[in-house]
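S.K.: Sequence:
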Amino acid sequence: MKGKLFLVLVLMAVSLMGQNTLQINGMNEAEFVYRTAADSLNAYFSNSFGFNLRYRDFFFGMKFISELPKYSTEQTELLQNLEPHRLNVDWKDLYAGFSRDMFTVQVGTTEETFGNAIVFRSFEDTEFDEDHRVQSALMRYDGDLKLKAIYGAINSANNVNRYDLAYGVDAEYPIWRGLRLGGSAMAFRELTPLGVYGYRDVFAGRGNLNLGDFQAYAEYATGKSYRQEVIAEDNISAVYANAEYLFGPIIVGGAYKRYQGFDYRLNDLPLANYHNETLSDALGSGQDEEGWQARASYTLADGVYLHADYAEARDAAKEKRMNDLYVGFDFTGGTNSYALSFSHIEKVDDLFRTWQKEYYPAFSADISPFGFPLSMQAEFKTVEKTIIENDFQHYEPLVQADFKVEKLGVSLGLQSWWADFSTIMESKYNPNIELRYPVFEHSDLILFAGKEQGGKVCRNGVCRYVAPFEGIRAELTTRF
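Everything in the sequence shown is counted per this note's numbering, starting at -10 for the first residue and increasing by one.
There's no promise every hint is true.
[Claimed, not checked] Mimicking PhoX-like on lysine-lysine, the simulated pairs with C-alpha atoms at most 25 Å apart in a straight line are:
{"#": "1", "residue 1": "370", "residue 2": "440"}
{"#": "2", "residue 1": "374", "residue 2": "346"}
{"#": "3", "residue 1": "213", "residue 2": "137"}
{"#": "4", "residue 1": "417", "residue 2": "370"}
{"#": "5", "residue 1": "135", "residue 2": "81"}
{"#": "6", "residue 1": "440", "residue 2": "393"}
{"#": "7", "residue 1": "307", "residue 2": "346"}
{"#": "8", "residue 1": "81", "residue 2": "52"}
{"#": "9", "residue 1": "374", "residue 2": "417"}
{"#": "10", "residue 1": "59", "residue 2": "81"}
{"#": "11", "residue 1": "307", "residue 2": "374"}
{"#": "12", "residue 1": "417", "residue 2": "440"}
{"#": "13", "residue 1": "59", "residue 2": "440"}
{"#": "14", "residue 1": "417", "residue 2": "346"}
{"#": "15", "residue 1": "346", "residue 2": "370"}
[Claimed, not checked] Distance ranges between label pairs, derived from CB positions:
{"#": "16", "residue 1": "375", "residue 2": "92", "range": "54 to 62 Å"}
{"#": "17", "residue 1": "128", "residue 2": "356", "range": "49 to 57 Å"}
{"#": "18", "residue 1": "426", "residue 2": "185", "range": "53 to 61 Å"}
Don't read these hints as lab results, they were simulated from the structure. Where a beta carbon is used, it is the ideal one built from N, C-alpha and C, also for glycine.
Take the sequences, apply the hints, and build the full model.
M.R.: Encoded structure:
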């Protein structure tokens, strides 16, 4: 089936090549990785070739991915033996559509967002290497009245070669100048481990107000989550509001969130804190949390800025709590800029008797000494933890410098891990270098060699621990 579809698309492309108005662009990315680790899969190769073309009102595109084997950065996925699912050669993107004036129809791989992504978002998470895009039919109208309707499927997380369904509509309309109101209705049908569909129906309303110096956004969603094999229904809800006001040299803003049972993969919840931290590292965001954020920026003088951001969150039982603080000072003068900041993140879990805190000062600068562009950054992170009355502490200093020598871009980094200041000389050190060079007008070669620390990375309401890396990476990117 895939081969026949490929042949049809190739013939279509060839037939269109004779037309003067045909537009084609695309990219090929090749990567070779050699990793030194306690893992049988030391060498990896991947290549992705994708393109899209447009002729008059028609467009289509595709991307071919080969991963031999599939490289993972997950700390828990270092493998002793090669597994079949690690070898992958497949079409990852395949879509076609028609667009005229304000009306669009598209079928195939779809990236789309309803509202502020609270109810629905079909997206690819490149940092965690997760694909949350649906294969769908999408219709969109982009006039004063904005309408979207989608019906799609995505691979089930619980059943191989089975699919979950998502379908719904979204609308938004300007009530008067500066105010837009919208709403969404979505239905999700997700296969359970028992092989039957669980149901989730969600309805939402939102408002977006823009009055120049004052901007505000608010969205409320509610629904029910239930399964066929049980009668009980769970009410789910989400509230998110964000506002910002400019008066003179000061910008003040704030946000509020409250989520109950809203943790599913086809949405992307705003976390209402500066560092996008979850309430708990062990849980995804959206199940049970309420929080607020306050922020302000002050222009002290031309090119001199002060920023402050503080947020708190907790669950309904107040057993899990977190706070997030960021304070920054920026200075820009001529071609030079400097930034000094302090970050503080603290999380408490009374149920599992854990406490953790991360705090670090950071400094960055973009300068041009003697006309030589140079970017620098440094931070000194301290991590403290208490797990069932056992205390742990370590330090993670980091320095990095980026510069260019004619066409060659160079990035030098050094990160370390100290258990104590007395062990500085015996601690782990992770030096690395990355080189970027344009081998052709539209092709870049990137070489990385050295070590990367790894550790916690938070993205899209989930925190994971990335495996340390030691080895070589070579990437070639070609655009056309």
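S.K.: Each hint should be assessed against the structure and marked as holding or not.
M.R.: Structure-based check of all given hints:
Between residue 370 and residue 440, the direct Cα distance comes to roughly 18 Å. Compliance with the 25 Å bound is thereby established for this hinted pair. Between residue 374 and residue 346, the direct Cα distance comes to roughly 6 Å. Compliance with the 25 Å bound is thereby established for this hinted pair. For the given pair, residue 213 sits about 22 Å from residue 137 by alpha-carbon distance, which is consistent with the 25 Å threshold. The hinted pair formed by residue 417 and residue 370 meets the criterion: a straight-line CA distance of about 15 Å does not exceed 25 Å.
The suggested pairing of residue 135 with residue 81 is violated, with an alpha-carbon distance near 29 Å, which exceeds 25 Å. Proposed proximity of residue 440 and residue 393 is supported: the alpha carbons are some 22 Å apart, at most 25 Å. Using a Cα cut-off of 25 Å, the hinted pair residue 307 and residue 346 holds, with the two alpha carbons roughly 18 Å apart. A distance of roughly 6 Å separates the Cα atoms of residue 81 and residue 52; the hinted pair therefore holds under the 25 Å criterion.
Taking the CA atoms of residue 374 and residue 417, the gap is about 20 Å. The hint holds against a cut of 25 Å. A distance of roughly 14 Å separates the Cα atoms of residue 59 and residue 81; the hinted pair therefore holds under the 25 Å criterion. Taken as a hint, the residue 307 and residue 374 pair is honoured in the structure, with Cα atoms around 19 Å apart against an allowance of 25 Å. About 10 Å separates the Cα atoms of residue 417 and residue 440, which keeps this hinted pair within 25 Å; it holds.
Taking the CA atoms of residue 59 and residue 440, the gap is near 20 Å; set against the 25 Å cutoff, the hint holds. A hinted pair counts as satisfied when its Cα atoms are at most 25 Å apart, and residue 417 with residue 346 qualifies at roughly 21 Å. In summary, the hint linking residue 346 to residue 370 is supported, as the alpha carbons are separated by about 10 Å, within the 25 Å threshold. Distance hint check for residue 375 and residue 92: the Cβ-Cβ separation is about 58 Å, which falls inside the suggested range of 54 to 62 Å.
Judged by the Cβ atoms, the range 49 to 57 Å given for residue 128 and residue 356 holds: they are separated by roughly 51 Å. One distance hint, 53 to 61 Å for the beta-carbon pair residue 426 and residue 185, holds here, with the actual separation near 55 Å.
In this structure, the one hint that does not hold is number 5.
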